[in-house]
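K.L.:
Line by line, the protein sequences give chains A and B. The first sequence: position 189 = 189 (my numbering), numbered continuously. The second sequence: position 206 = 206 (my numbering), numbered continuously.
Hints listed in this document are in silico derivations from the structure and should not be mistaken for laboratory results. Since the structure is predicted, the reported quantities are computational estimates derived from the model, not experimental observations. Incorrect hints may appear among the rest.
What the hints assert, rightly or not - Reference listing, derived: stretches of chain B covered by chain A, where coverage requires no fewer than 3 residues with Cβ under 8 angstroms from a Cβ of chain A:
1. 83-93
2. 114-121
Unchecked claim - Here are some chain A residues the structure puts well away from chain B; computed CB gaps all over 10 angstroms:
3. T53
4. R74
5. V131
6. V167
7. P213
Said to hold, decoys possible - Just a few of them, taken from the derived set where beta-carbon distance is under 7 angstroms, the chain A residues facing chain B:
8. Y10
9. D11
10. V43
11. N80
12. P122
13. F123
Just so you know, even glycine gets a beta-carbon here, dropped at the ideal spot from N, CA and C.
There are 2 protein chains.
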Amino acid sequence: MRTVRARISYDGSRFHGWQRQDGFASVQGAIEDGLASLLDTLVTVHGAGRTDTGVHALGQVAHFHVDTRLDDDRLRHALNAHLTDGVVIDRLETCRDDFHARFDARSKRYLYRVATTRFRPPFLRHHQHWVNVPLDLERMRDAARRMVGRHDFAAFGNAGSERKSTVRTVMGVRLLAHRRHFAVVVQGDGFLYNMVRNMVGTLLDVGRGRREPEDVDLALQSGERDRVGPTAPACGLYLARVLYGEPLFRGPCGGPGGAAGLFQG
Amino acid sequence: MRTVRARISYDGSRFHGWQRQDGFASVQGAIEDGLASLLDTLVTVHGAGRTDTGVHALGQVAHFHVDTRLDDDRLRHALNAHLTDGVVIDRLETCRDDFHARFDARSKRYLYRVATTRFRPPFLRHHQHWVNVPLDLERMRDAARRMVGRHDFAAFGNAGSERKSTVRTVMGVRLLAHRRHFAVVVQGDGFLYNMVRNMVGTLLDVGRGRREPEDVDLALQSGERDRVGPTAPACGLYLARVLYGEPLFRGPCGGPGGAAGLFQG
Numbered sequence: 001m002r003t004v005r006a007r008i009s010y011d012g013s014r015f016h017g018w019q020r021q022d023g024f025a026s027v028q029g030a031i032e033d034g035l036a037s038l039l040d041t042l043v044t045v046h047g048a049g050r051t052d053t054g055v056h057a058l059g060q061v062a063h064f065h066v067d068t069r070l071d072d073d074r075l076r077h078a079l080n081a082h083l084t085d086g087v088v089i090d091r092l093e094t095c096r097d098d099f100h101a102r103f104d105a106r107s108k109r110y111l112y113r114v115a116t117t118r119f120r121p122p123f124l125r126h127h128q129h130w131v132n133v134p135l136d137l138e139r140m141r142d143a144a145r146r147m148v149g150r151h152d153f154a155a156f157g158n159a160g161s162e163r164k165s166t167v168r169t170v171m172g173v174r175l176l177a178h179r180r181h182f183a184v185v186v187q188g189d190g191f192l193y194n195m196v197r198n199m200v201g202t203l204l205d206v207g208r209g210r211r212e213p214e215d216v217d218l219a220l221q222s223g224e225r226d227r228v229g230p231t232a233p234a235c236g237l238y239l240a241r242v243l244y245g246e247p248l249f250r251g252p253c254g255g256p257g258g259a260a261g262l263f264q265g
Numbered sequence: 001m002r003t004v005r006a007r008i009s010y011d012g013s014r015f016h017g018w019q020r021q022d023g024f025a026s027v028q029g030a031i032e033d034g035l036a037s038l039l040d041t042l043v044t045v046h047g048a049g050r051t052d053t054g055v056h057a058l059g060q061v062a063h064f065h066v067d068t069r070l071d072d073d074r075l076r077h078a079l080n081a082h083l084t085d086g087v088v089i090d091r092l093e094t095c096r097d098d099f100h101a102r103f104d105a106r107s108k109r110y111l112y113r114v115a116t117t118r119f120r121p122p123f124l125r126h127h128q129h130w131v132n133v134p135l136d137l138e139r140m141r142d143a144a145r146r147m148v149g150r151h152d153f154a155a156f157g158n159a160g161s162e163r164k165s166t167v168r169t170v171m172g173v174r175l176l177a178h179r180r181h182f183a184v185v186v187q188g189d190g191f192l193y194n195m196v197r198n199m200v201g202t203l204l205d206v207g208r209g210r211r212e213p214e215d216v217d218l219a220l221q222s223g224e225r226d227r228v229g230p231t232a233p234a235c236g237l238y239l240a241r242v243l244y245g246e247p248l249f250r251g252p253c254g255g256p257g258g259a260a261g262l263f264q265g
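Sequences are here, hints too, so could you generate the full structure?
P.N.:
Put into structure tokens, the structure is as follows:
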């Protein structure tokens, strides 16, 4: 028995989220089914974090325990051959037995992708959010800076969340703009349910003049949900990277995975 | 009554090709339906060329005759609002009455997009072809150069084509490579049915060592279909540009259209 960790890309439009659910196609279920058919045994796959229906991943991390003579490269290759379309294991390596994809994660980086073309883009409609009102990126950058730091993000978590503490540290919020598209990149040590999408929804409200950058301060101070913009749609969101206290996947890669297909230069 | 020409992008995976067919979603049908619902009259839309099921466009050109007080910009905006998802009018302008999108076209440029990642990319599966064998791009460039010029392309046209002459001029065939992706760009004064996909299939055969670059010369000389590779799948093909003897669409654009969403840098 050995512990293996994997870096996974997936097209969230094809799955009802990460977590296995009876009767719905999930990413966890797809990988577990692939392992079951490959190794003829039941394996539980532990992801670094759940993603909701429609949310994509360019660098989800998961670990699982397997008993096989296949080396890492062959295991990755065979497993990919057993996976349904829309999910791929980009990297895979045997790791220390006590590695845990979720508990060992120090931070996560998300990317949120927005098109600001005048007309709805014919391509990628499930892979970016489209906003057709003018946005003031400098106002959004002002608001983004106010989100950085250790704060009580209660206002940015959706009601019904069962987490006890709502304090999180956001290391950075960046806006990368390119012509009629931009991406919001958020890195934090943890996120409340829908927190990234609520942060993006707030930035979009600020950008179109519905809210002031100072509303971010008020939201963080008061914890009031109504200081925050609407939850931005799932289709724009990508789990881009999970970071650990140790470097992962330093071996030869065998070519970029699925991310490259969408984000090639 | 005025004549209007339009530049159109569409996601071919959502349509059964350009040409209107009863009972199937077509791009021509979508635009004609949009015009019918906007202007309450039947309008025929004439495209520069038909594209098959699954083939995309970044710059299809079409013309039609309308009787409306809407100026060009308002007409484009209103028409886009009446179009189904997956097709967008990027540019639109009133033109000389006798402009004809098909008969006036001097040449067309197609783009064929291939991913060469080791594993099937989870994104864009209907928007690029995936090849997971090593390809020798220099051999492919050698073969590509042999396709350029005025030749009898009978071997590259699929059987059943009713065109009389099979002589066409190909102005250029370029391979643009970027890491694990490349695009073949082909420009010509006209193309036989499936000619671009057969050219790409031949290049891929050469790249993987199944054929020699010299086979292109033999195919052009002999006209024998078995000198040519298999038809490459529709999903990788984009009608990128239609070129005329006059510059089209020189006015303000109002933002890049759908192409930018897929090919942003």
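K.L.:
It remains to establish, for every hint, whether it holds in the given structure.
P.N.:
Taking the hints in turn, this is what the structure says about them:
no.	hint	verdict
1	83-93	holds (count 6)
2	114-121	holds (count 7)
3	T53	16 angstroms, holds
4	R74	13 angstroms, holds
5	V131	12 angstroms, holds
6	V167	34 angstroms, holds
7	P213	26 angstroms, holds
8	Y10	5 angstroms, holds
9	D11	5 angstroms, holds
10	V43	20 angstroms, violated
11	N80	5 angstroms, holds
12	P122	4 angstroms, holds
13	F123	4 angstroms, holds
Violated hint for the displayed structure: number 10, the only one.
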